[in-house]
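The chain contents come next:
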Amino acid sequence: TQLLEQSPQFLSIQEGENLTVYCNSSSVFSSLQWYRQEPGEGPVLLVTVVTGGEVKKLKRLTFQFGDARKDSSLHITAAQTGDTGLYLCAGADYGQNFVFGPGTRLSVLP
Amino acid sequence: KAGVTQTPRYLIKTRGQQVTLSCSPISGHRSVSWYQQTPGQGLQFLFEYFSETQRNKGNFPGRFSGRQFSNSRSEMNVSTLELGDSALYLCASSLGTGISNQPQHFGDGTRLSIL
Chain A
114 TQLLEQSPQF LSIQEGENLT VYCNSSSVFS SLQWYRQEPG EGPVLLVTVV
164 TGGEVKKLKR LTFQFGDARK DSSLHITAAQ TGDTGLYLCA GADYGQNFVF
214 GPGTRLSVLP
Chain B
1296 KAGVTQTPRY LIKTRGQQVT LSCSPISGHR SVSWYQQTPG QGLQFLFEYF
1346 SETQRNKGNF PGRFSGRQFS NSRSEMNVST LELGDSALYL CASSLGTGIS
1396 NQPQHFGDGT RLSIL
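The listed protein sequences derive, respectively, from chains A and B.
The first sequence maps to residues 114 to 223 in this note's numbering.
The second sequence maps to residues 1296 to 1410 in this note's numbering.
Looking at chain A on its own, in the form it has when it is part of the complex (with noise of 0.2 Å):
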């Protein structure tokens, strides 16, 4: 059975200040995506790396696949108000095996 380990588990930072989450795994991954979701909302997706060493950006927030595919970060620049929120990532196998990591729960304040 896969693991997705995630960390911070959580992160409370100031306006304007950057930050970076991790996502790691003994596991390798086809594939792996990142997923913010707010409270009483479903996750929504923000991006989907598939090639080791893949660096995908997304306005402010940058996402890198480790070269060994077990690992990934999310870094935002910058930080706003509205990044805050619970964020997923998710590995899926050479086998179609889909799993979420446990989430780092972002707080942004103003």
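These aren't lab readings, by the way, just hints derived from the structure by calculation.
All residues carry an ideal CB built from backbone N, CA and C; glycine is no exception.
It cannot be assumed that every hint is accurate.
[Stated by the list, open to error] In silico contact screen, one side only, chain A against chain B (beta carbon under 7 Å); selected entries:
1. GLU154
2. GLY155
3. PRO156
4. LEU158
5. PHE211
6. PHE213
7. PRO215
Got chain A sorted already, so can you dock chain B onto it with the hints?
Below, chain B without anything else, positioned relative to chain A:
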């Protein structure tokens, strides 16, 4: 374009009862996946349906079952409810099967509480 619709939004049941949850995918999407989200276990994959066939299944007991209709709408059933089944049940739809590489669009979930 309407998103994924889950009904009902909230449900209260007692131990031993059964429950059926409904999910209407985005128009044109043929794959529907179900997840259970709890504070302790996080988001866990239940099963995926594509063209009325179960394509993939998570590690849940047989009390959890589902089906998909010809219009891609899906239902999930939980029988003999236990206190531990209290959770947010999320449905996600995508265009094709193979959830790993398909963008999944989630509904807002059904909050199930077992008394």
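Structure-based check of all given hints:
Satisfaction of the interface hint for A/GLU154 is found here, the shortest Cβ-Cβ separation to chain B being roughly 5 Å, below the 7 Å cut-off. A least Cβ separation of about 3 Å between A/GLY155 and chain B falls short of the 7 Å threshold, and the interface hint therefore holds. Proximity of A/PRO156 to chain B holds as hinted, the smallest CB-CB distance being about 5 Å (cut-off 7 Å). A cut of 7 Å between beta carbons decides the hint on A/LEU158: the least distance to chain B is about 5 Å, and the hint holds.
Checking A/PHE211 against chain B by beta carbon gives a least distance of about 5 Å; that is within 7 Å, so the hint holds. Proximity of A/PHE213 to chain B holds as hinted, the smallest CB-CB distance being about 4 Å (cut-off 7 Å). The beta carbon of A/PRO215 is positioned within 7 Å of a beta carbon in chain B (closest approach about 4 Å), and the interface hint is therefore held.
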